[in-house]
Amino acid sequence: MIAIIDYGVGNLRSVHNAVKFISPHTKSFITSDPEQILKADRIIFPGQGAMPDCVRELEKRGLSDALKEAAKIKPFLGICLGLQMLFEKSEEGNQKGFGLLPGKIKRFKLSDKERIKIPHMGWNNVMQSKPHPLWNKIETGSQFYFVHSYYAEVSDKDLVVGYSEHGEDFACAIAKDNIFATQFHPEKSAQLGLQLLKNFILWDI
Amino acid sequence: MTVAKRIIPCLDVTDGRVVKGINFVELKDAGDPVEIAKQYNEQGADEITFLDITASSDNRGLIFDIIEKVAKQIFIPLTVGGGVRSCDDIRNLLNAGADKVGINTSAINNPDLVAESSARFGSQAIVVAIDAKKVDNHWEVFTHGGRNATGIDAIMWAEKMVSLGAGELLITSMDKDGTKTGFDNELNKFISEKVDVPIIASGGVGNLQHLVDGVKVGGADAVLAASIFHYGEYQIQEAKDYMAKNNIQIRL
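Protein sequence lines, in the order shown, are assigned to chains A and P. Taking the working numbering, the leading residue of the first sequence gets 58, the next gets one more, and so forth. Taking the working numbering, the leading residue of the second sequence gets 1146, the next gets one more, and so forth.
Accuracy of the hints is not assured; some may be wrong.
Anything over 12 Å on all C-beta distances counts as not near chain A; from chain P, calculated [to be verified]: (1) 1184; (2) 1204; (3) 1219; (4) 1234; (5) 1265; (6) 1291; (7) 1324; (8) 1376.
Rough simulated footprint, nothing fancy, chain A against chain P, three-plus residues with beta-carbon under 8 Å [unchecked claim]: (9) 1235–1249; (10) 1275–1289; (11) 1336–1350.
Since the hints were derived computationally from the structure, they do not count as laboratory data. Just so you know, even glycine gets a beta-carbon here, dropped at the ideal spot from N, CA and C.
Build out the structure end to end from the sequences listed, making use of the hints.
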């Protein structure tokens, strides 16, 4: 049973569509019910938009505690803003996050050295800095779809399993125990994105 | 290792079918949107854009069915534009499975829509489409497929839209659209240098060199084309190979 967390923002349908596409017989549902989150075997925590709004919507629905609880023990996949909210705090609105991962969320900086566009939007290479079951059948350097203006500055480099580059190197895949989080969107990254989701569904922690 | 330039096939949809306009006036039927989207996905399209040009309000809802069907089978970003007037329209398209929504005329009638919708759904979901035509020594924003002049300077408009929260700009040259003589790279270059969000070049692609020029001369982050792909003149993969050969980073 996979719970995809709904807190009124972002395109959750595409995550659900992707899960149903790769694993039609796995029970999956979109939910904003804390009970359901606690009952589910696996959690996908997507997100899009501004972090302060997302945290407010989570609080409004009383989801934060259930999510933090689930993130302690269950296979847990954070995507995009769902990655960012797992960290201690964000520059965006000076917002506090869940503090499950050490570090903070920073905005990309425009520099004179190299012209970059913000948001970082499009397909970029993901270099695998560590092996992980979620990289199964995915080669290092494969391209995934990104769309974001903020990224995680991870205090414990050992947790970084993948990085990419936009003006500078940044961590785009972070893993700790039962948690895996991606800054890119596997649900929008064609075949390899579906492979990563499949790996998540099969992941034995 | 850097973000790849994107190739975006555009499907003009009216009454649930794909068509392609020649200078936005004469239309030719080119098929079923879901099948075409699947083909483009298989060919390696980086993204797909649907432009709903349905005139009658009776058939406007058809686009939702199309997006829902496509989003169940294709896992790359989908953009939908055409006739978007309100935050509710945007929400409904995102709920149907669109990742980004294009706003064109409504941004001119009501610039607050760009501010409101980007605050509500995130800048990443809001693409402002600008149709521009060269008038004397500058570019002016036009609406209604190039028929109505607005008197607004296109470059200033681009900057304003970004300041209100647009996450991306889709620049279509009304002078070039349908001509197959290449993008208006001069216009695109001006805008690309002024704004920090990605820009998509559109209007005028007739061959693969035009795509390369769009990136190298016009500074576009993504190139959009319809007819060269629809009528099978080129496959997406051919376009990518050609761009790669010209040292443009693309998605393999």
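Hints, one by one, checked against the model:
{"no.": "1", "hint": "1184", "in the structure": "holds, 14 Å"}
{"no.": "2", "hint": "1204", "in the structure": "holds, 23 Å"}
{"no.": "3", "hint": "1219", "in the structure": "violated, 8 Å"}
{"no.": "4", "hint": "1234", "in the structure": "holds, 15 Å"}
{"no.": "5", "hint": "1265", "in the structure": "violated, 8 Å"}
{"no.": "6", "hint": "1291", "in the structure": "holds, 27 Å"}
{"no.": "7", "hint": "1324", "in the structure": "holds, 27 Å"}
{"no.": "8", "hint": "1376", "in the structure": "holds, 24 Å"}
{"no.": "9", "hint": "1235–1249", "in the structure": "holds (count 6)"}
{"no.": "10", "hint": "1275–1289", "in the structure": "violated (count 0)"}
{"no.": "11", "hint": "1336–1350", "in the structure": "holds (count 3)"}
The structure is inconsistent with the numbered hints 3, 5, 10, although it conforms to all the rest.
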